[in-house]
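Trainee: Generate coordinates for the entire structure from the input sequences, incorporating the hints supplied.
Protein chains in written order, with our numbering: chain A, 1 to 466; chain B, 1001 to 1190.
Derived from the structure by calculation, the hints contain no laboratory data.
Chain B regions said to be covered by chain A (calculated; three or more residues, Cβ under 8 Å):
1. 1029–1042
2. 1065–1073
3. 1089–1099
The beta-carbon is built from N, C-alpha and C at its ideal position, and this holds for glycine as well.
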Amino acid sequence: MLTLLDKLWSRHTVHQEPDGGPTLLYIDLHLVHEVTSPQAFEGLRLTGRQVRRPDRTWATLDHNVPTADRHLPIADPIAAQQVDALIANCKAFGIPLYDLHAPQQGIVHIVGPEQGLTQPGLTVVCGDSHTSTHGAFGAYAIGIGTTEVEHVLATQTIWLDKPRAMEIRVDGRLGYGVTAKDLVLGIIGRIGTAGARGHAIEYTGTAIRALDMEGRMTVCNMSIEAGGRAGMIAPDDTTFAYLEGRPHAPRGRAWTQAVDQWRQLPTDPGAHYDTTVVMDAAAIAPQVTWGTNPGHVVPVGARVPDPQDETAERALAYMDLCAGTAIEDIALDRVFIGSCTNSRLSDLRAAAAIARGQRVHPRVRAMVVPGSGLIKAAAEREGLDEVFRAAGFEWREAGCSMCLGMNPDILQPGERCASTSNRNFEGRQGSGGRTHLCSPAMAAAAAIAGHFVDVRALARTPESAS
Amino acid sequence: MEAFNRHAGLVLPLDRANVDTDQIIPKQFLKRIDRTGFGPFLFYDWARRPEFVLNQPQFAGASILLARANFGCGSSREHAPWALMDRGFRALVAPSYADIFYGNCFQNGLLPVRLTEAEVEELFRRAAEHEGYRLTVDLGACTVTDDFGFSASFEVEPHRREALLDGLDDIGRTMAHASAIAAYEAAHQA
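Mentor: Here it is in structure tokens:
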């Protein structure tokens, strides 16, 4: 009786060192972006090595690219140099690249699934911690460092110690207005930012099964914020329906054969997990973070808690918040809807449903950054851009943007932001900036009210109830 | 990669838990395309305060960083160990590290030592008590010792220990398995 992790691991083992040593694991898909790859390509050059499988390597520009005025050269010369380096490296080593002019360009963890590159049963790596996103398809997907990027480029393998298996089972139904983002923030609030360290998480239970693929990606995306090495969800009909017909998905007979194989991947009944955590979906409310790590999180109806340790005390000081303040009384300067966590079409629809016919609060500057050029185009076909613009949101080009603020989209010191991204670390969105993580609907509602509000209290519309 | 065998050095006590890699090296410094030159930006935002421990003259030249649990969480940026090494750090001592950061350290000859919470607490106490407090980290013996009778042993994965003792990088080791990789690809029609 094997877990999904066991099956993925054994199917990709090239070599196993004896006595509990590491495994040399084959990598099926290597995703590359501009920030963590230049030193790896330089390493190849210095040693005269080639990219072993350029056909299994895909690159996109996302982290430091501007999200406005794409027709102009990149203003920051150091960012431009990094972008140019990736373009040159992809050309030199024969790696396909979605550059700034490609309609598919976008955040690496959005693009892989969107193009059908990410498939069940694969091993996926990228020099980015949010690679855990791809686990939503029943892949083993992990973030790696730049030296490991070089190793995978050269050998298409990586040395890994097998993590322990953690099951996070969420049964029941998420309530109205409660999303995958709230679910995963609730999980992190429960187990903490190191709760899954050394483990690969497998999310199971009826509430996980009920999520669409975009919601599943949101959950797996934030596994790293719970300290997990990976986050996975076993593939099912929802997975197959999402994948079928995508540009790189198998077709015809190959598709049927692939689906037959993928159906063998789910964890066998009775297989052993090293740790199991059980949660009730119905007990989860919309979540908002109050501190400086994603574990500092409470339901929107709650108050900023009394600090339990020095980390929490420092967090309150950094966030300029007092214990006992109602979350709904926290006033905001900025709103960011985007990132590899929440910039897919369903996220934009949920935010637009709240924004429709409303106006952004006069104090607030709000921006929407689609995860990819294709999402942007799809949203525009539905008129979502017009909904956002009419409400006073900025509608921008695809990229990581203010999730990490490597490009010009940053918070100013002291600014307070409701953000659909994944990290509320000190200075993450800009030095001195203060980040509150929440769902797209909650962020849109906060943009209009100028402070956090419980989206469940807003009138139901057919769109927002979907 | 620089080999690591035994290192004795001044201790920098950073009494914080959950130090994330965004703090170790903020994003605005990740645009460089080299592995070097990140040291001046280590703990950039915290270091803007004069009272921050890294700015205190008695810790100038420190090469062993003492910290609390879950050090290096968050982003996978290898710029974090690059910045620490560029600033002169050769070893870290903490109760635990985030997984990706832990692996990245070994790739660069930076030794992340795991001691128990109680041992780390004792080291913080001693670092506060003795000016110029030094530790010796011995990877051969897997011990951390000081001049005042402290001695603790630590565990490290045997393959990581051997690679660090020898200063070997992984690609060389992997190339010894080139035929196994080719066989895997052939068997999986990859």
